[in-house]
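Student: Sequence lines, in order, name chains Y and G.
Each step along the first sequence adds one to the number in this note's numbering, with nothing skipped, and position 99 is 99.
Just so we're on the same page, this note's numbering is the position in the second sequence counted from 1, plus 1000.
Heads up, a few of these hints could be off.
[Claimed, not checked] If the Cβ cut is set under 8 Å, some of the chain G residues that face chain Y in the computed set are:
hint, residue
1, 1031
2, 1033
3, 1039
4, 1041
5, 1042
6, 1043
7, 1048
8, 1087
9, 1089
10, 1091
11, 1097
12, 1098
13, 1100
14, 1101
15, 1102
Since the hints were derived computationally from the structure, they do not count as laboratory data.
Ideal placement from N, C-alpha and C gives every residue a C-beta, glycine not left out.
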Amino acid sequence: EAAVTQSPRSKVAVTGGKVTLSCHQTNNHDYMYWYRQDTGHGLRLIHYSYVADSTEKGDIPDGYKASRPSQENFSLILELASLSQTAVYFCASSGDRSNTEVFFGKGTRLTVV
Amino acid sequence: GDQVEQSPSALSLHEGTDSALRCNFTTTMRSVQWFRQNSRGSLISLFYLASGTKENGRLKSAFDSKERRYSTLHIRDAQLEDSGTYFCAAENTGYQNFYFGKGTSLTVIP
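Modelling step: build the complete structure from the supplied sequences, incorporating the hints.
Tutor: Right under this line is the structure:
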């Protein structure tokens, strides 16, 4: 079964601190994504990647960096965490254009204080 | 602006009744996926459609195959465990990106 694993599952960070969220997939998928969800809203795309060592900006990339060191791993980095980045973050993966079904991790609840 | 408009935003159903959720897209989409977010926040995939319809138990989803600008999710004989927030996500034809609706909060009442 397709699996996307996120760590940590929850984190409290201090304003101005650095935060790294990690994602690992065992689906052998080319595409990986980072989304954020704010209370009462849908998901918005932050960064995505379709190949190792390359990342692309999504719809709301400001304040975030991403890193894809291998096909299996995709990290989201907040260099200087801010209060407005308190949210739930979801990682996802999908295959090639022949089947683009998306598989999500369980989410990381980030609270910036 | 938003690429995906989901309706209704909230819905209450009595057990045993039927209803439909809808997502309209501002442009042609390549595929659509429906999710239910449970009380723990996990996104559970219900359907993935590149065209046509799919059915699973009391749930059925359709994706407009002609203009590819809307999708529906039908819930038949609603049960308490169907409560949750339902999201649709549509894939843009230009590149592999997915746009989410804002969700429908469904409450099934005994």
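Student: Each hint needs a verdict: does it hold in this structure or not?
Tutor: Do the hints match the structure? See the list:
1. Residue-level restraint check for residue 1031 of chain G holds (minimum Cβ-Cβ distance to chain Y is 6 Å; threshold 8 Å).
2. With 8 Å as the threshold, the beta carbon of residue 1033 of chain G comes within range of chain Y, its nearest partner Cβ sitting at about 6 Å, so the hint holds.
3. Because the closest C-beta pair between residue 1039 of chain G and chain Y is about 13 Å apart, greater than 8 Å, the hint is violated.
4. Given hint, residue 1041 of chain G at the interface with chain Y, holds; its Cβ is 5 Å from that chain's nearest Cβ, closer than 8 Å.
5. The beta carbon of residue 1042 of chain G is positioned within 8 Å of a beta carbon in chain Y (closest approach about 5 Å), and the interface hint is therefore held.
6. About 4 Å separates the beta-carbon of residue 1043 of chain G from the nearest beta-carbon of chain Y, less than 8 Å, and the hint is met.
7. Evaluation of the residue 1048 of chain G hint against chain Y yields a held restraint, the C-beta minimum of about 4 Å falling below 8 Å.
8. The beta carbon of residue 1087 of chain G comes within 6 Å of a beta carbon in chain Y, closer than 8 Å, and the hint placing it at the interface holds.
9. Satisfaction of the interface hint for residue 1089 of chain G is found here, the shortest Cβ-Cβ separation to chain Y being roughly 7 Å, below the 8 Å cut-off.
10. For the restraint placing residue 1091 of chain G at the interface with chain Y, the shortest Cβ-Cβ distance is roughly 6 Å, inside the 8 Å limit, so the hint holds.
11. For residue 1097 of chain G, the interface hint holds, the least distance from its beta-carbon to any beta-carbon of chain Y being 6 Å, beneath 8 Å.
12. Because the closest C-beta pair between residue 1098 of chain G and chain Y is about 6 Å apart, less than 8 Å, the hint holds.
13. At its closest, the beta carbon of residue 1100 of chain G sits 4 Å from a beta carbon of chain Y; the interface hint therefore holds under the 8 Å criterion.
14. At about 6 Å, the closest approach between the beta carbon of residue 1101 of chain G and any beta carbon in chain Y falls short of 8 Å, and the interface hint on this residue holds.
15. Taken as an interface hint, residue 1102 of chain G checks out: its beta carbon lies about 5 Å from the nearest beta carbon of chain Y, inside 8 Å.
Checked against the numbered hints above, the structure breaks only hint 3 and satisfies the rest.
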